[in-house]
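**Student:** Given next are the chains, with one letter for each unit.
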Amino acid sequence: MPPSLPARARGSAVIVVFLLLAAVSVVTGALVFVVDSMARATYALACSFVAVALALLTFGLTYLGVITILMMVMEMAIMAVFMIMFMGMNPALMPMDMVHGKRAALAVSVALFALLVVGIVVAPWPGAAGSASTASDIAALGHTLMGSKMLVMMSVSPIMFATIVGGVVLASGRTRYDRFGDDLDHPAQDPTPGGVGR
Amino acid sequence: MTLIPVWWTVATLLVLATLAASAHGALAARTVGASPGVGALLPATETARLLRQERRTLLAADSPLWRIGGAGLALIPLLMAAVVPLGPPAVLDSPIGIVWFNAADVVVWALVWLLGWGANSTYALVGAFRFLATALAYELPLMFALTTPAVAAGSLRVSDVVAAQSGLWYVVWMPVAFAITLLGVVGFSVWGPLSPAAAPDLAGGVLAELSGPDRLLAGAGRYLLLTAGSAFATALFLGGTQGPLLPGWMWMSLKTLVVVLALVAVRGRLVLLRPDRFLEVGWLVLLPLALAQLLVVSLVVAS
Chain A
1 MPPSLPARAR GSAVIVVFLL LAAVSVVTGA LVFVVDSMAR ATYALACSFV AVALALLTFG
61 LTYLGVITIL MMVMEMAIMA VFMIMFMGMN PALMPMDMVH GKRAALAVSV ALFALLVVGI
121 VVAPWPGAAG SASTASDIAA LGHTLMGSKM LVMMSVSPIM FATIVGGVVL ASGRTRYDRF
181 GDDLDHPAQD PTPGGVGR
Chain B
1 MTLIPVWWTV ATLLVLATLA ASAHGALAAR TVGASPGVGA LLPATETARL LRQERRTLLA
61 ADSPLWRIGG AGLALIPLLM AAVVPLGPPA VLDSPIGIVW FNAADVVVWA LVWLLGWGAN
121 STYALVGAFR FLATALAYEL PLMFALTTPA VAAGSLRVSD VVAAQSGLWY VVWMPVAFAI
181 TLLGVVGFSV WGPLSPAAAP DLAGGVLAEL SGPDRLLAGA GRYLLLTAGS AFATALFLGG
241 TQGPLLPGWM WMSLKTLVVV LALVAVRGRL VLLRPDRFLE VGWLVLLPLA LAQLLVVSLV
301 VAS
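Same order as they appear, the protein sequences are chains A and B.
Mapping the first sequence onto the numbering used here, position 176 (from 1) lands on 176, and the numbers just tick up by one.
Mapping the second sequence onto the numbering used here, position 11 (from 1) lands on 11, and the numbers just tick up by one.
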């Protein structure tokens, strides 16, 4: 955008772009439940997330926006692996209905959406018209998250990681005793030998 | 805002990618005993052939996703090159250019998978999953390798990393990160040793059923990815536009051309890496190597 444009026009252009992206994210989010194929649902969801990430860019949150694109696209690609791996006789490869328990689900999601929207509209956000400036609020938020709650933040990720590893170990048919023998002292025996000569 | 950087980026990418395809054509022709001169015309002959070719239609193909996969592969390299200063300032001189590039190369995961999925063909789908397995092995080492020059330069902005190499090219003291970056470039371009997703044993894998303009876009996309990746590696490790006498844009184009031609030359000389074996290499060898390189560079920077 040319800097010669008045700041006000620029501001409204950003708002228009934001609204467009918001609409795209909602529409593609809804498409997840309309389409009849796992692949389309997966990538409709990816589109929705990417639109949200681009909306973050309009707030000037560049790093957060780009990292959201990175993570969400990677996540959806991995989801494609899992959905083929774990879906029994593989309905993931055939056309299928993407919704279950339609009525209850619809009621719950509409109610939740309404609740969140009311919350967003009613909450006294810092920086809105008539409230204090944002800089000190942002600093306060940072101190709250990274100061007194730092221990929680630090312990969450190892616990989550341990949960994932534990889940995979429990779900796996072959244990380390199958690989290395009863006393764990044999060379590894794998159906397919690994790439580093074990 | 002037449009010069945009045209410059598009033209540079197209010219270098065409030269790469031409070099590949010449090498491939020589291998089968044909005239390398005729082989070098590959970009022109393939474009003419594919533009005239009728689109193959397949039963229950997911055409929208299939087309997105092919066209996306041609678009992503332009987004990658947007953050690289190729002579004129970068189109997007973003303070997080390296993260941007990384996000773009992750989108390739989705595109190659869609390319394999859309055809509704077994070989193509198997190829798509081979790609994801290969990607799981190269992506994390690549991420840490890209972080290394950023740590040394103290910035995620590509032009800052180029400027920080005025004394010494980063390839000199972070060769491991450079090698892993090139491996990643080869990986996301579905190229050479990391192209089991498009291997002959799968009748072309993700490319098996592609025809006409779709094949042209996907094929050109691979060369463009190779070129954009080489340009990025050049900016991060080979000093980018830095060099004596010649103007910056010429240094940048020359170095990128050398890198991309090297990647074209090694294509036929290395064995295809099976994804199941390469996975272990990626996680047990490349990832620790990338982290060790990052540690060394961090210690040097901190001291």
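No wet-lab data here; the hints were simulated from the structure.
Where is the CB? At the ideal position from N, CA and C, for every residue including glycine.
Mixed in with the good hints there might be a few duds.
[To be verified] Short, incomplete list of chain A residues facing chain B, as computed with Cβ under 7 Å: (1) G60; (2) L64; (3) V66; (4) M79.
[Stated by the list, open to error] Okay, the calculated bits of chain B under chain A, using three or more residues with CB under 8 Å as the criterion: (5) 88–98; (6) 173–180; (7) 213–225.
**Student:** It remains to establish, for every hint, whether it holds in the given structure.
**Tutor:** Cross-check of the supplied hints:
1. G60: Hint violated; G60 (chain A) Cβ to chain B Cβ min 11 Å, cut 7 Å.
2. L64: Because about 10 Å separates L64 (chain A) from the closest Cβ in chain B, which is outside the 7 Å limit, the hint is violated.
3. V66: At 5 Å from the nearest chain B Cβ, V66 (chain A) passes the 7 Å test, so the hint holds.
4. M79: violated, 10 Å
5. 88–98: holds (count 3)
6. 173–180: violated (count 0)
7. 213–225: violated (count 0)
When held up to the earlier numbered hints, the structure conflicts with 1, 2, 4, 6, 7 and fits the remainder.
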